[in-house]
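Participant: Spelled out, the chains give:
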Amino acid sequence: MINNAQLQELEDIARQCRRDIVRMTNKAGSGHPGGSLSAIDALVVLYFRHMNIRPEEPLWPERDMFFLSKGHCTPAYYAAMSARGYFPREELMTFRAMHTRLQGHPSNTHLPGVDSSSGSLGQGLSLANGAAMAARYDGRPSRYYVMLGDGEIQEGQVWEAAMTAAAYGLDQVCAIVDANGIQLDGTVDNVKSLGDMPAKWHAFGWHVIDIDGHNMYQVDTALEKAKRTKGKPTVIISHTIKGKGVSFMENTAKFHGLAPNPEELETALEELR
Amino acid sequence: MTDKREPRDGYAEGLLDLGRDHDDVFVLDGDCATPNYTARFQEAHPDRFFNIGIAECDIVGTAAGLAAAGKVPFANAYANFLTGRGFDQVRVSVAYSERKVVIVGHNAGTSAAQEGATHLPLEDVGLMRALPNMTVIVPCDAVEMRKAVHAIYNLPGPVYLRVGKLPVPVVTGPDTPFEIGKAVPLRAGSDVTILTTGCTASEALGAAELLAREGIDAEVIHLHTIKPLDAEAVLDSVRRTGCVVTIEEHSIIGALGSAVAELLGEHHPAPLERVGTRDVFGLSGTMDELFDHFGLRAANIAEAARRARARRG
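Protein chains in written order, with the working numbering: chain X, 1 to 273; chain P, 1 to 313.
Keep in mind the hints are simulated off the structure, nothing from the lab. Predicted model only: the values in this text are computed from it and were never measured. You may find that some hints are simply not true.
Said to hold, decoys possible - Across the chosen pairs, the derived CB separations fall in these ranges: (1) X:L184 x P:D88: 29 to 37 Å; (2) P:R187 x X:G257: 52 to 60 Å; (3) X:A97 x P:A130: 21 to 29 Å.
By construction, the Cβ of each residue, glycine as well, lies at the ideal position given by its N, Cα and C atoms.
With these hints in hand, go ahead and build the complete structure from the sequences.
Facilitator: Written out as structure tokens, the structure is:
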């Protein structure tokens, strides 16, 4: 069970990552801060508490893997990876620059520690399933995590993969839906409503856990429950706020794919002190 | 030479060989394990076979995940659905990610026959050839298919393998060399180069016989690897003969004909005639009827050779 000191430490890391997210998108002049700020808390809990990984040996064969299916949220991904020790924090400022390892969308051939290239939405869950099938054959207890966006699950492949994971009882697979309710063109409800999204996953044969995705304790507990779930995959519906932590970015589609300008950056950093 | 066999049969033999020798070989299919003969692998190695159901995008992605975890997956489905519907998955999760996934497109060319246009892949090779990192292999018969499967196992990057369903003439033997990226000379000649890929090799050889009766000495070269193309072998032959014909059971846009046109255009311009389907969809018919309809016969190739020679002057 996670204690208060540990929770405080995770929150401090997440705050530093939030500062990195707004700084790196500002420096690059582009990128996706909104969904990065909503996703970062879950990513921090995952990378610092749950994944069996060796940042100094990113291709360690026994590792757990993480697939960022919502591949545009590289600012959060890189901030968490850097904080966890995969590469120096200064390198974050090369985000999206020419010849950087920190490509606009994740690339496993550019940056060791990225488990697959992504950016075309909808592909991550299939990857986790395949890796889990390999681990099961090898008798390895490795776990395979996928972060999806709620808008992203409008992609049909997600549901193909959801059926595969359930059909093969892949309990080593854990999906986290960063449910911030907003996609590029507006709210998910307005663009194309998902209806009763948890019920959909349940109907596809998944163990479903609903949480407040900004509550580190709830994220940690949900990931623990997922580990103990046998015979079926788990999806954590992580209810979040797009742009969380920066007042003018919260709950708006505007900063889905827009970087803060220098004045906005200053305000954001002030709020993220 | 008149013996006919199903290419998919040679493919299944190769898979069984690999499955026996290497426990990192996995096979995925999409509800076509019976017609694709991957069911034979399933029977031999049930723990390394997954039926992903009717979901080509997911088949490709799942294979990429297996490869990320160190396995050598063979992802099977009908060619047009796997490379068409699954194109973006092959592009991002396989080719861009540099995963050793073998994309196996079945029902090649006209071999889905009476199923009609939706089921006749005439563009698949072009799609796969356009992708960086992708090796594209189109064997000519069941014997070569088996060798191709063996060779693919030792290749580091992603591969597209095109497999036909219905029986086609066996033109290679157990001793015919097979090396990925290396042309297979089928007949030496000095007057015109005929380049073939896939199951049209016997028609190409038939064309050479027709031409021989007229005193035209045709060289026939089989290119099982469309990418990387054996540029040296092609250029060497065309420099000697001065004109060339390509023949393939595929659209002339995007595959062998295009690859050869690009090569010659950049390195050795020469009269080129392309035989294949011409910017049209397929239609229902027997494979024989479709070969006649699309003009993929020895007589069509010989006619193209005469045109190429006439243009050479």
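Participant: Sort out which numbered hints this structure fails and list those numbers smallest first.
Facilitator: Of the numbered hints, just 1 does not hold.
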